[in-house]
Every structure is written in structure tokens, then in C-alpha cells.
Amino acid sequence: MRTRLKELVQSLGGHLIGDADTQVSGIAPLSDATTSQITFLSNPKFRSQAAQTQAAAIILSAADDAVLGADYRGARIVADNPYAYFAKAAQFFAARNAIPVIPGIHPSATLDPTAQVASSAHIGPNVVIGAGAVIDEEVRIEAGCVIGRNVKIGANSCLNANVTIYASCEIGARAIIHSGVVMGADGFGFANAGGTWIKIPQTGRVLIGDDVEIGANTTIDRGALADTVIEDGVKLDNQIQIAHNCHIGTQTAIAACASIAGSARIGKYCSIGGAAMIHGHITIVDHVHVSAGTLALRSISEPGQYTGFYPIAKHGDWEKSATLVRNLNTMREKIRTLEKSVKQLTEKDNE
Amino acid sequence: MRTRLKELVQSLGGHLIGDADTQVSGIAPLSDATTSQITFLSNPKFRSQAAQTQAAAIILSAADDAVLGADYRGARIVADNPYAYFAKAAQFFAARNAIPVIPGIHPSATLDPTAQVASSAHIGPNVVIGAGAVIDEEVRIEAGCVIGRNVKIGANSCLNANVTIYASCEIGARAIIHSGVVMGADGFGFANAGGTWIKIPQTGRVLIGDDVEIGANTTIDRGALADTVIEDGVKLDNQIQIAHNCHIGTQTAIAACASIAGSARIGKYCSIGGAAMIHGHITIVDHVHVSAGTLALRSISEPGQYTGFYPIAKHGDWEKSATLVRNLNTMREKIRTLEKSVKQLTEKDNE
Amino acid sequence: MRTRLKELVQSLGGHLIGDADTQVSGIAPLSDATTSQITFLSNPKFRSQAAQTQAAAIILSAADDAVLGADYRGARIVADNPYAYFAKAAQFFAARNAIPVIPGIHPSATLDPTAQVASSAHIGPNVVIGAGAVIDEEVRIEAGCVIGRNVKIGANSCLNANVTIYASCEIGARAIIHSGVVMGADGFGFANAGGTWIKIPQTGRVLIGDDVEIGANTTIDRGALADTVIEDGVKLDNQIQIAHNCHIGTQTAIAACASIAGSARIGKYCSIGGAAMIHGHITIVDHVHVSAGTLALRSISEPGQYTGFYPIAKHGDWEKSATLVRNLNTMREKIRTLEKSVKQLTEKDNE
Chain A
1 MRTRLKELVQ
11 SLGGHLIGDA
21 DTQVSGIAPL
31 SDATTSQITF
41 LSNPKFRSQA
51 AQTQAAAIIL
61 SAADDAVLGA
71 DYRGARIVAD
81 NPYAYFAKAA
91 QFFAARNAIP
101 VIPGIHPSAT
111 LDPTAQVASS
121 AHIGPNVVIG
131 AGAVIDEEVR
141 IEAGCVIGRN
151 VKIGANSCLN
161 ANVTIYASCE
171 IGARAIIHSG
181 VVMGADGFGF
191 ANAGGTWIKI
201 PQTGRVLIGD
211 DVEIGANTTI
221 DRGALADTVI
231 EDGVKLDNQI
241 QIAHNCHIGT
251 QTAIAACASI
261 AGSARIGKYC
271 SIGGAAMIHG
281 HITIVDHVHV
291 SAGTLALRSI
301 SEPGQYTGFY
311 PIAKHGDWEK
321 SATLVRNLNT
331 MREKIRTLEK
341 SVKQLTEKDN
351 E
Chain B
352 MRTRLKELVQ
362 SLGGHLIGDA
372 DTQVSGIAPL
382 SDATTSQITF
392 LSNPKFRSQA
402 AQTQAAAIIL
412 SAADDAVLGA
422 DYRGARIVAD
432 NPYAYFAKAA
442 QFFAARNAIP
452 VIPGIHPSAT
462 LDPTAQVASS
472 AHIGPNVVIG
482 AGAVIDEEVR
492 IEAGCVIGRN
502 VKIGANSCLN
512 ANVTIYASCE
522 IGARAIIHSG
532 VVMGADGFGF
542 ANAGGTWIKI
552 PQTGRVLIGD
562 DVEIGANTTI
572 DRGALADTVI
582 EDGVKLDNQI
592 QIAHNCHIGT
602 QTAIAACASI
612 AGSARIGKYC
622 SIGGAAMIHG
632 HITIVDHVHV
642 SAGTLALRSI
652 SEPGQYTGFY
662 PIAKHGDWEK
672 SATLVRNLNT
682 MREKIRTLEK
692 SVKQLTEKDN
702 E
Chain C
703 MRTRLKELVQ
713 SLGGHLIGDA
723 DTQVSGIAPL
733 SDATTSQITF
743 LSNPKFRSQA
753 AQTQAAAIIL
763 SAADDAVLGA
773 DYRGARIVAD
783 NPYAYFAKAA
793 QFFAARNAIP
803 VIPGIHPSAT
813 LDPTAQVASS
823 AHIGPNVVIG
833 AGAVIDEEVR
843 IEAGCVIGRN
853 VKIGANSCLN
863 ANVTIYASCE
873 IGARAIIHSG
883 VVMGADGFGF
893 ANAGGTWIKI
903 PQTGRVLIGD
913 DVEIGANTTI
923 DRGALADTVI
933 EDGVKLDNQI
943 QIAHNCHIGT
953 QTAIAACASI
963 AGSARIGKYC
973 SIGGAAMIHG
983 HITIVDHVHV
993 SAGTLALRSI
1003 SEPGQYTGFY
1013 PIAKHGDWEK
1023 SATLVRNLNT
1033 MREKIRTLEK
1043 SVKQLTEKDN
1053 E
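Protein chains in written order, with the numbering used here: chain A, 1 to 351; chain B, 352 to 702; chain C, 703 to 1053.
Every clue listed holds true.
For lysine-lysine, the following PhoX-like pairs were computed, each having C-alpha atoms within a straight-line distance of at most 25 Å:
hint: 1; chain 1: C; residue 1: K1045; chain 2: A; residue 2: K340
hint: 2; chain 1: C; residue 1: K1042; chain 2: A; residue 2: K348
hint: 3; chain 1: A; residue 1: K348; chain 2: A; residue 2: K334
Treat the hints as calculated values from the structure; they're not laboratory data.
Kindly produce the complete structure, drawing on both the sequences and the hints.
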């Protein structure tokens, strides 16, 4: 399905220069775009690539347009934030190509008679919904999902296939939950009595705000006594572990395989890199960026980027440096001895 | 449902001081407890907080009671291990609030005719149970679980929704298995022939003892020729990977996202921190504690705590230190050169 | 079911010395093999163990046979690559003991009328297959799998229970996909506009070659605009994360819990160790081996083994070395100061 540029701009804004009737069928990167596609330039370092793109139109900043515009044969859409404009344009095309969701409950689904499901919701094959659950308007629950008792799911949220939500968890509006997510399993809480572990019942919930996306196979545990809280707009990648009683602030993004230990509190507008680990019971303020593979052991009270992983090297070089790291104490002692000797020599010398 | 303190003490022990008819409805932390709840003090550093709690009663040690008891207006339960007592009390209240499990097999479940399921067991919607499987008394298998042929599940065990157990695995009594767990998938075993991988069939089983808890999305692979063994009382958090032929000793606890490589042998009463990695074919003795984010490359033959992760820093500081770590060899050479020079100077000086 | 050695050799090759009518029932390691089993010696360091094995026959190299053959009372199979021969022999026995797969579609499965399923395929209970999907000959799809629309699965592939494949992904022939795998979920792609994340629709696919094995709970995201590609013969262990637009070359093996960030390109015949992390947008050439727990931050252009993780130590020792790592800059400054002083002293001394 083709779209005229003027329709795009009417819908998304931006300043269009060129033929408003140019038709485009979709969006593609600078190097791949065909003459029926629109492309985007979000980083000035790709200007020379932009000059050669085949695309029918380009989204770019005013600064880039000042340089490229005169020579560009296609249409241009000048936008404040070309990358965000690209995202919205991609959403625009995706919505046009989307397969409509048919409301209704698949006959193979098992719903408790006390569950409330909006008539506009789509409930796929083999879905199981427990007593007292509330499923809001236009929610989509795909095949094999199991929704525990008293769970609430907000309007327009989408649960992909094989998601499991334990009892009493609450999810806001417009959530996207990917397959294999487990929300509300017991937190890891035990008391030790003479070597034997005694389970501490986990009676809190998981509370998810609006506009949250949760990647495949991510797990979010229910709180022990209080709740685990994920605020509005948080984006979680795949295979992340959020332990009991964590609190993640609005618009924070966490990359794949990160693990957040119990009762950690992460601020708003943070980013946590892939496979990073956040220790339990620590607090990280707003606007902190933890790099991939980094373990945050203590609270972070100042915005900025924080890093800590061992630099990669050829195996033989690593072996040498790792041995020296273990013996840094010896090195320091040698330096101290040298300092003493040099001091003595210098004093003698000055006598 | 309210409970008189005397009922609690009759059930759990401990020395009750104060009004035995005091009624409590549940348990809460020091700061949150209301006048109808019981609380606990497990760490002397919170004594001042304990002095101000609103709780109707407090669980505490004799030592803490000696300090706080005189001034405390509520009832006190003096226990040897207040934290373990709290866990048991929480279990006591959770049991009272638990929704009774109804025995029986949901009509949508698919059971092989040769599977043996105890009449007191609960089999949820869409559960699939293979030939020859044996499901013991009061086992609970929630929706969407798939139980392979010849699997054995011991009495009172609970499998939450969407758990997958491959053929021939055995689980003891009172297990708690969380959603998304995969037990008995093939271990990662291949022989290389001229660059091409040839699969080694994985014909061992997974054997799980009694009282084991396994967190959401954790995977435990079957053995290659022999079995993978998890002893009694082991507690595994979420997203842990246990490779083929591992052996985990009794009461060992492993935190989320840890990975244990093939044929590793971990002793009893150990703890493995979150995202820690245990190398293959190594042996760790009893009572070893591996810190979060630490890679154990070699066997550990002495109890104690072991750690190894790069300290976090502001990104710029990390870059500097990481560069120096790579060049530690140069630093050592400079120290050696200095030592030589200083030695010569000192000798000359003493001539 | 017993097998005569001559049948094994007829099927797998190798040079048989000894009684070709010797019957064996299976394969076992040197130390465990009984007199009715065959064993193998793949590493000369176990020669003394081989000399004492009870096995009816042994697979070994010509070099090992030259040393051990004269004294060995059982039959010997001399093979170029004894470990690969063992793998094939284990497959031979496994095939004999395998439970035959019965073609057909379980009545509880939900298939879109436009899905094409070969008559020799096995579709288990509660499987859901979307519109336009194509399931080739002798494919096995176990209980609870959800196959999205337009998915293609090649001949003889096996999906274990509870696998989820999103729309339009393609899997080659002879794949083995373990339970909990999620393939084709959205990549983690967002544009930031004034602090708020805007989703970038993920419209690429996942393309899997022939002879690929994917471990339990591994996730492979669909591409953003282009596709995520896994070439023939790649072996992925459990709980691996492959982000959008990655490209993994043929016969590369990746161990459990590794995470490969977006648009990373890994060559052929590589190995990535457990819990290793590969940064986004980097390129790793063929025949590179990244050690466990190592973060590869930059492209690697030369074959070889690369490592980078902090060495484990007793916690107290680690604390000291970690502090010194943070202060390496100070140490370097002290060395510089010393060098200056020693230079001055040496110059004075030479005056």
C-alpha cells in the first residue's frame, strides 16, 4: 500500500520540501532504500551516503538539509529529531500493513466464569484466565498465555504467545509483553535455620505502568511483602531478571540479560547495559547509565556513565595481566621500597 | 482471618511475653506494621526502629529483648532465630489465606493412558502428561505444563504454569517449580569433525531431590551418559543455567542468572551469587560462597568467600584503569628497571 | 537391543581389530563401561584408564592403538577421530532405542486452514499453527508450541514442547529447537524523543539455516528492517540472547547464557564461551574463540583466543586488588616520579 508524502506529513508533522504527491511504500536505511521508499539521515557522519541514496525522499535535520538539500533530487522532510521521525514513520507504515486483530474468545480458551473480558479483546487458543481477572478493551492475548487470578491488564495491551502472569499482578495500558515472559513468580526469599532454608512466602505483587515493553523470556518476581514496581514507559529487553521489590523509574531502558537484584531502586531516564548486574538494596539516581557487563555493587548518587569490566585481550596477554592484577599488592610494595631507597639516596646525595 | 498469638506460639514455638490473646492478621516489616500485625527484629542495628514500631507484637532474640523488652508496650515472642521464626510465621499466615487446591484433572488436559496420576493431584488446563509418567499425591500441575514420558513427580510438589519436563526426569517431594522452567533438555555436547559438529545424544536424566525450589525460566539439562543431580533442599533462583552432568549439593542456594557449566560439582551449603559463572568440570567443596558476577575458573578446595569482578567507576576513570590493566606488564618492567638502577646506585654509594 | 561390532563398523567405518561378532548394547565412558558396552579413548592422557576398562570394545586412534593394542583383551575400532566416532556410535545406539514418532495432528491442535502441514509431520497436543505456515516432511512439533503465520519449518526438524516462533521466521532442515525458545520477538529498538521512547517497528525476520540446534530458553530476535541470520550448522546452547540483525556464521558454537548485541557479525567456525557478551555492531572474523565471561567491546580481525575476566580470589584479596586496580593511575604516577629521581641521581653520580 503506497502513501503520498503529504499524508505522512499531515499525520506526523515535519517540513516537506519537494513533490508532496511523491508516493512511498515503506522505509529503509540509506544504503538499501529503493526509489519507492523513504529513508532517513540521523547522524551527520553518513552525509556522503545520503547524497547517494536511491530513496524517493529523505528525513533529515535542518542542519543536514542546509548541506545536502541543494543537490538532493528527491523530496526532503526536515524534522527536529530525524531518528524519532523515522520511528514514527515506520510505525505509520507498520500500522497500514498490520493484520487486523479479531475480537473474541477462541473456543479452546479456558476462562473462569468470574473473569471479566472486554468484548473488544482478542483471546487466542488455549489461553487460560483465572478467577477475578480483568481484561480491558482491545487487549490481545495470544495462544498459550496463562493469566492468574485477579490479574488486571489495561486497554490495548498485547501479550504474545506463551506468557505467564501469576495471580494479582497488574499491567497498565498499551503494554507489549513478549513470549516466554514470566511475571509474578515468587521472589527468592529464604531464612536459614541451621543450614536448612525456610521459604518466606512472597505475598506482594508486580505492578506495571502504562506503555511498558517487556522482552522475550524476561522474568519479574512478585514482591515479598510490598510490591515490585515498573513505572510508565520502561523498556525491558529479553532475558532480564527483575527480582522482588525492585522499583524501576519511568522511561528507564534495560538491555538484554541484565539482572537487577532484590529491592534495588533504579531512577528515571536511566539505561542499564546488556548483561549488567545491579546489586540488591542499592539506589541508583535518575539519568545514570551503567555500561554492559558492569556490576554495580554500591548505590550511585550522581548522574553519568559508569563502567567496570575487564578489558578483552589475546588469551596469553590476558593471562599475564590477570596474574599481575592478582599480585598488585606485591607491585605496590616494590614501589614503596623503591621510594624509600630513592629518598635515602637523595638525602645522602644532598648531604 | 485473625490469629491469637497463643495459637501462633503453639504451632511454631518461641517464648511469648505479653497478652496471649492479642489478635494479629498478618506480618509486616518494622516500619510498615500496623496495630493489627506482628513484626520482627532480626538485626540489632534496627533496634531503634523496633522501639517505634506500631506492631501489636514483635518477634526478637533474647539479646534484643533484654534491651528493648522493658519499654515495649506490645507482646513479644522471643525466638532463637527471629528471621527463621518470621519465615515460619509468614508461612502460617499464607497457609490460612491460601486458596484450596481442588483435586482432579481438567477436561482439556491430555494424559497418556499409561500415565499414573494420584487422585488427590490437581492437573490444570491444557496440561500434557506422557506415557508412563507417575504423578504422586497432592501434586499440583498448573496450566500448560508438558510432562514427558516416564517422568516422576513426588508428593506435594507444585509445578506452576508453562513448565516443561523432558522424558525420564525425576522430581522429589515438595518441589516448587516456577513457570518457564525447562528440565531435561539436551546438554550441549558435540564432537568436532573437520569443522562440522556431530551431536552426542544426551541419554542421562535430571534427578531432583526433595524440597527443591526452582525459579522462573531456569534450565537444567539432562546428563550426557550419566545424570544431572540436584540434591535435597537446593534453592535455585530465576534464569539459572545448570548444564549436563552437574551435581549440586544439599541446601546450596544459587542466585538469579548464574550459570553452571557441564560436569561442575558444587558442594553442600554453598551459595553462588547472581550472574556468577562456574566453569565446567571443576569441583567446589562444601561451604563455599562465590560472589555475584564472579567467574570460578578452577576448583575451590577451601571453604570461604571468593570474588572476582572489575570494580565499577565513572566511565572515564574506568577507561584509564582498563588501559593500565592491559599494560601492567610495562609497569612491572619499569619497576624492575628501577630496582636495578637503585641497586647500582646504592652499591656505588656504599663503595 | 544388542549390536554386533561388524554392524557398527559397516555403518560408521573405522578399522575393526578383534571379534567382529562381539555384541554391545551401548556406549559408556572408560571408567563406567561394562563388559557388554563399547567405550572410547579420545585423549592419550587417559591411556592408563583405558588399559583397565571392562568394556567389550574400545574406539581409539592409531597412535593410541600402537601403544595399547597389544595388551588389550577386547576388540578395538581404530578411527581417525575417536571422539567423533564415539558421537556417531552414540547416535547409532540412540536411533535404535528411539521411540518412533507417529505422524499426524493431535485433535487438540489449532491449525489455520491455510497452513500447510506435510502428512508425515507430527503435531502434538495444543500446538497452534498460523495462517500460511509451511511445515515440511517428518517435522516434529511437540505440545504447546505456537507457530506464527507464514513461518516455514524444513524437513526433519524437531521443535520440543512450548517453543514460540513469531510470524515469518524460517527454519531449515534437521533443526533441533529446545523448549522455551522464543524466535522472532521484536528487537530492542527505540528512538528517544525528549526522554520518551518511541518504538521502532521490527519488520525483519529470523532466518535459520540447516542443521542448527538451539538450546532451551534461548531467544533470537527478528531484524529491525533487514533479517537476523543464523547460518547452517550453528549450535546454540541454553539461555543465549541473539539480538536483532545479528549474523552468525556456519558451524559457530555458542555456550550457555552468552549474549550477542544488535547487528553483531560473528564469523564461521567461531566459539563463544558461556556468559560471554558480544557488543553491538562489531565484526568478529572466522576462527575466533571468545572465552567464558568475556566482553568483546570492539571488532576482532585476527583469529585466535580472546579473554577478559577478573581473576577470582578470596574475597579479602580481591578487595585489595580491586582497590589497587582503581588506583593504578596513582601507581603509575609514583613510578614516573621514581624514574625522574633515579635519572637525576644517576646523572649526578656520573658527573
